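Construct the entire structure; sequences and hints are all you get.
Protein chains: 2
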Amino acid sequence: MNLLFLGTSAGVPTKSRNVSGIALRESKGKGWYLIDCGEGTQHQVLRTTLSLNTLKAILITHVHGDHCYGLPGLLASAAMSGRTAPLTIVASQGIKAWLETTFSATELALPFALEFVDASTLPRLAFEQVEVETFTLSHRVPCYAYTFTEINIAADLDTAKLERDGIPRGALWGQVKQGIDIEFAGKRLRSSDYLIQKHPPRKIVIAGDNDRPALLAQACIGAQVLVHEATYSQALAEKAREVGHSYASLVGEFAEAASVPHLVLTHFSPRYQFHPQASPSIEDIRREAQSVYSGSLYLARDFLQFSLDKAGCLVAMTSE
Amino acid sequence: MNLLFLGTSAGVPTKSRNVSGIALRESKGKGWYLIDCGEGTQHQVLRTTLSLNTLKAILITHVHGDHCYGLPGLLASAAMSGRTAPLTIVASQGIKAWLETTFSATELALPFALEFVDASTLPRLAFEQVEVETFTLSHRVPCYAYTFTEINIAADLDTAKLERDGIPRGALWGQVKQGIDIEFAGKRLRSSDYLIQKHPPRKIVIAGDNDRPALLAQACIGAQVLVHEATYSQALAEKAREVGHSYASLVGEFAEAASVPHLVLTHFSPRYQFHPQASPSIEDIRREAQSVYSGSLYLARDFLQFSLDKAGCLVAMTSE
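The listed protein sequences derive, respectively, from chains A and B.
Under my numbering, think of the first position of the first sequence as 1, with each following residue one higher.
Under my numbering, think of the first position of the second sequence as 1, with each following residue one higher.
Careful: at least some of the hints might be erroneous.
What the hints assert, rightly or not - Listed next, the in silico DSS-like pairs over lysine-lysine satisfying Cα-Cα at most 25 Å (straight line):
| no. | chain 1 | residue 1 | chain 2 | residue 2 |
| --- | --- | --- | --- | --- |
| 1 | A | Lys56 | B | Lys15 |
| 2 | B | Lys187 | B | Lys161 |
| 3 | B | Lys30 | A | Lys15 |
| 4 | A | Lys198 | A | Lys30 |
| 5 | B | Lys161 | B | Lys28 |
| 6 | A | Lys30 | B | Lys15 |
| 7 | B | Lys187 | A | Lys96 |
| 8 | B | Lys15 | A | Lys15 |
Keep in mind the hints are simulated off the structure, nothing from the lab.
In this text, all values refer to a predicted model and were calculated from it rather than measured experimentally.
Quick look at the structure:
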């Protein structure tokens, strides 16, 4: 699995950071998922190898414009690029009504179906390579986190167990290998009980805007990576009296308590600059998170890409 | 007056061209007008010296997404940058309803008033330095051209005429100089009849998508510059069987017949590439227009800037 940050600024774009958008790629093939779609996301996609034809689903964390104003244009461009495959959109119900009004007001007829899923029902969706689960966050409007867990992982037969249970080699073993449950000696046996996955399932949690990271405790069980906003450092958050966002140490403390091995912070206030001597600097956020979190910490920037390997290690890669 | 192209691609953005957006700056001060606002227009503005606080009006030519999907984000960013001055929006009525739905769906409350003007009433609006007129075009949806004519041009007193008409020097001459109409010998006299403008008014015509350039005959009277789409060359327009757009020679022939001294083509199909050897190349459009138009021809590209000087000459400038 692969993460590609398309936008890492909160609220408004800056010259070097677009508003929110993250691409999560499946480990095999060209399929990908888009989490949030701020204005200009399609422009960022143009600068990558991603194609709008292989996008499997768009998942919107909440209705604020910096997380969804890029939807109409991205869908229009997918239409013009010849997409015909249906597209799943997971979002608050308000997004569905807004898109329908937009299509009608701007005379846009998509040549592919949109399959809306209401995020407030906390859907669990199975795609070919990943299962998506939805969790509730705390923000000024209903807001969600999505977890992506690898499924259908290649597996070896647990031959010792098969032999111990007296299941004969041949057709039955073949069915088990394919993940098909079998009937043996009048009992139904689950293939998963006789398979050893070649590696533990990879799992990534991607959260929207949220001022209570602890809400993600259950979502983070078994996850190797948590992607969470850190709009501010604690000092600036207090100064801004901002409601609904997290600061670096709040997220770091949660990730430490939840033992998440890799934490990627994003969605930085546009006030933060790259230069370590700037005030405020992105480095303030890094230092604050590092002071409470002992895992591997990364600060996202646009076009930064990560690969989560089969061993569950997150590797930062150079841009495309 | 100054023109700055923020987007010159038709339908979808490319790596080098954004979708439609043109900034027209007044000759004095920092005031400017935005004609069309495709997705990503605010991102382009970030790369210029333009400020969302000095924007006087946004004029949308028609409801297609590549001309208006940048509106919600640009307005949200103006709000976050602290704008409080009211903003005029001239557009089809559908845009007003769509924006109101968008604000409500995404919980955006602007701290400044929007003054909507329905383009279908063909409004004539006077700002401090320019007067805007609206003209109807021919496209798949209602579409408009806007003309920008300089007003309140510095003027000298026509002293010969004042003396000939026996108007005494002093307070009355002073009022005339300030553009105030006067009462003299029982008659009301118009100050404009006794003033000589220091230069002819500058006038720029900016048209939306349109397959009948001849509709602009009246709009182009007295104009030094026509900005018009040339989505295709004639050969490609016929091949694409596109309805509602112009090709290069159609626009060139009209500009020649209307004796417009400067023609700027824009809104090129993304199929056209810069490289002269590419097929199709932007140069195909240039050649075709040049074969029928004898004035000064320019092909717009993103961030290309033009200054229309007091003598009515259009000068291409290097990017900011």
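Results of checking the hints against the structure:
1. Lys56/A <-> Lys15/B: holds (23 Å)
2. Lys187/B <-> Lys161/B: OK: Lys187/B and Lys161/B at ~16 Å, within 25 Å.
3. Lys30/B <-> Lys15/A: Status holds; Cα separation ~21 Å.
4. Lys198/A <-> Lys30/A: holds (22 Å)
5. Lys161/B <-> Lys28/B: The given pair, whose Cα atoms are some 30 Å apart, is violated under the 25 Å limit.
6. Lys30/A <-> Lys15/B: With Cα atoms ~21 Å apart, Lys30/A and Lys15/B stay inside 25 Å; holds.
7. Lys187/B <-> Lys96/A: Distance of about 66 Å is beyond 25 Å: violated.
8. Lys15/B <-> Lys15/A: This hinted pair holds, its Cα atoms lying about 16 Å apart.
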